[in-house]
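Just so it is clear: in the sequence shown, position 262 is 262 by full-length UniProt numbering, and no numbers are missing.
Mixed in with the good hints, there may be bad ones.
[Said to hold, decoys possible] Listed below are the simulated DSS-like cross-link pairs for lysine-lysine, each with C-alpha atoms no more than 30 Å apart in a straight line: (1) Lys285 - Lys46; (2) Lys285 - Lys266; (3) Lys46 - Lys30; (4) Lys30 - Lys93; (5) Lys46 - Lys93; (6) Lys292 - Lys46; (7) Lys274 - Lys93; (8) Lys285 - Lys274; (9) Lys285 - Lys269; (10) Lys239 - Lys190; (11) Lys46 - Lys274; (12) Lys190 - Lys266; (13) Lys274 - Lys292; (14) Lys313 - Lys239.
Keep in mind that the hints were calculated from the coordinates and are not lab data.
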Amino acid sequence: MVGILGISGLSFLLVALLTPLLIWGLRNLKLTQPIRSELPPDHQAKQGTPLMAGLILLIGVVTSLQFHPAPLMIFLCITFLLFSSVGFMDDLKKAVWQDPAGISGRTKLVFQFAFTAILLMTLFHSFSLTSDISLFNGFQLHLPVYVYIAIMLLFVVGSANAINFTDGLDGLLINVAIPTYFFFFLISDKQEVQTFSLVMIGCLLGLFLYNIYPARAFMGDTGSLAIGGSLSILAVIEKVEILIPILFSVYLAEKFSVILQVYYYKRTKLRLFKMAPIHYHFSLKYGWSENKIVMVFGFISWGSALICWFIWKFAL
Numbered sequence: 001m002v003g004i005l006g007i008s009g010l011s012f013l014l015v016a017l018l019t020p021l022l023i024w025g026l027r028n029l030k031l032t033q034p035i036r037s038e039l040p041p042d043h044q045a046k047q048g049t050p051l052m053a054g055l056i057l058l059i060g061v062v063t064s065l066q067f068h069p070a071p072l073m074i075f076l077c078i079t080f081l082l083f084s085s086v087g088f089m090d091d092l093k094k095a096v097w098q099d100p101a102g103i104s105g106r107t108k109l110v111f112q113f114a115f116t117a118i119l120l121m122t123l124f125h126s127f128s129l130t131s132d133i134s135l136f137n138g139f140q141l142h143l144p145v146y147v148y149i150a151i152m153l154l155f156v157v158g159s160a161n162a163i164n165f166t167d168g169l170d171g172l173l174i175n176v177a178i179p180t181y182f183f184f185f186l187i188s189d190k191q192e193v194q195t196f197s198l199v200m201i202g203c204l205l206g207l208f209l210y211n212i213y214p215a216r217a218f219m220g221d222t223g224s225l226a227i228g229g230s231l232s233i234l235a236v237i238e239k240v241e242i243l244i245p246i247l248f249s250v251y252l253a254e255k256f257s258v259i260l261q262v263y264y265y266k267r268t269k270l271r272l273f274k275m276a277p278i279h280y281h282f283s284l285k286y287g288w289s290e291n292k293i294v295m296v297f298g299f300i301s302w303g304s305a306l307i308c309w310f311i312w313k314f315a316l
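Build out the structure end to end from the sequences listed, making use of the hints.
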């Protein structure tokens with residue numbers, strides 16, 4: 001345990017010390033965030049903030065592999081890198097062409113589905129993943145392998161994008177993701193999962209110093225999709241699929257607020273929320289500051305992780 005905490009602390013220090021250098025490089029290369037025109041005026045002021053600071057999270061990958069180069073750790077790091085690469089392509093187009101849209105949604109989904117399918121098949125063939133879903137009181141739902149893979153394929157891609165939606169305010173995703181990684185650290189009996197989770201917490205805390213309001217840099221999809229993909233795959237590895245509606249409550253609220261907004265507008269030509277994802281709604285309708293939204297959503301994430309821990313401990 002002391003060793004894992006030390007590795008996490010090292011990750012924090014490396015990210016905290018090296019992020020200013022990355023920010024300097026991104027600023028000089030003019031790789032900055034373009035802002036969508038429909039966002040509120042306070043967001044327009046963020047135009048020109050360095051983008052792709054999520055690249056610094058790759059320190060977590062290097063650190064994890066350096067101290068624990070086991071097959072499962074390699075798999076987790078590859079997962080992180082694959083999803084990060086999709087986000088990097090998107091961020092690069094945004095920054096270079098100053099196009100808030102980035103690459104097309106279809107292109108991103110094609111890569112995500114392809115990578116996820118490969119990762120799931122690897123889990124089955126190399127890490128003894130089963131197609132059972134753990135239910136309460138020791139009961140299990142037995143599914144055919146192809147059915148389970150299809151469901152998990154939709155879950156991983158959907159969850160990764162839901163987590164990506166959460167990265168809309170300064171420090172928001174970091175504040176919400178840390179409790180989720182901590183949950184996986186608490187429940188896992190795999191040293192690789194424990195180490196990876198704590199290392200990512202250390203990295204996120206280091207980046208938080210520069211991403212908290214007012215952010216000196218944005219992690220971009222390079223970081224948020226990597227976080228989303230790795231957290232979703234951890235849920236599959238740890239067989240806690242049944243807990244996802246609670247554990248990922250903030251992420252799912254963000255995603256479904258967008259879906260509901262689009263559906264409601266198409267049916268009524270009215271807006272259900274002032275703006276979606278839902279974190280903008282609290283800002284525009286209730287006047288909440290960015291820091292208040294980040295704090296409240298963070299508390300909800302910690303509460304969700306605690307509830308899931310109790311369920312996992314006493315009911316699964």
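For a C-alpha distance cap of 30 Å, please report whether Lys285 and Lys274 respect it. 6 Å, holds
Lys239 and Lys190 were given as a pair; does the straight-line alpha-carbon distance stay at or below 30 Å? At roughly 13 Å apart (the allowed maximum being 30 Å), Lys190 and Lys239 satisfy the hint.
Hinted pair Lys285 and Lys46, Cα distance within 30 Å: Holds - the C-alpha atoms of Lys46 and Lys285 are around 21 Å apart, at most 30 Å.
Is Lys285 within 30 Å of Lys269, Cα to Cα? 19 Å, holds
Is the hinted pair Lys190 and Lys266 satisfied, with a Cα-Cα distance of at most 30 Å? 47 Å, violated
Satisfaction of hint between Lys239 and Lys313, Cα-Cα up to 30 Å: This hinted pair holds, its Cα atoms lying about 13 Å apart.
Given the hinted pair Lys46 and Lys30, is their Cα-Cα distance within 30 Å? Satisfied, since the Cα-Cα distance of roughly 14 Å is no more than 30 Å.
Regarding the pair Lys30 and Lys93, is the alpha-carbon distance no greater than 30 Å? 12 Å, holds
Given the proposed pairing of Lys46 with Lys93, does the C-alpha separation stay at or below 30 Å? 18 Å, holds
Taking 30 Å as the top limit, are the C-alpha atoms of Lys292 and Lys46 close enough? OK: Lys292 and Lys46 at ~18 Å, within 30 Å.
Within 30 Å, alpha carbon to alpha carbon, are Lys274 and Lys292? Answer holds: Lys274 to Lys292 is near 18 Å, not above 30 Å.
Within a Cα-Cα threshold of 30 Å, do Lys46 and Lys274 meet the stated pairing? 20 Å, holds
In summary, the structure is inconsistent with hint 12 from the numbered list given earlier, while agreeing with all the others.
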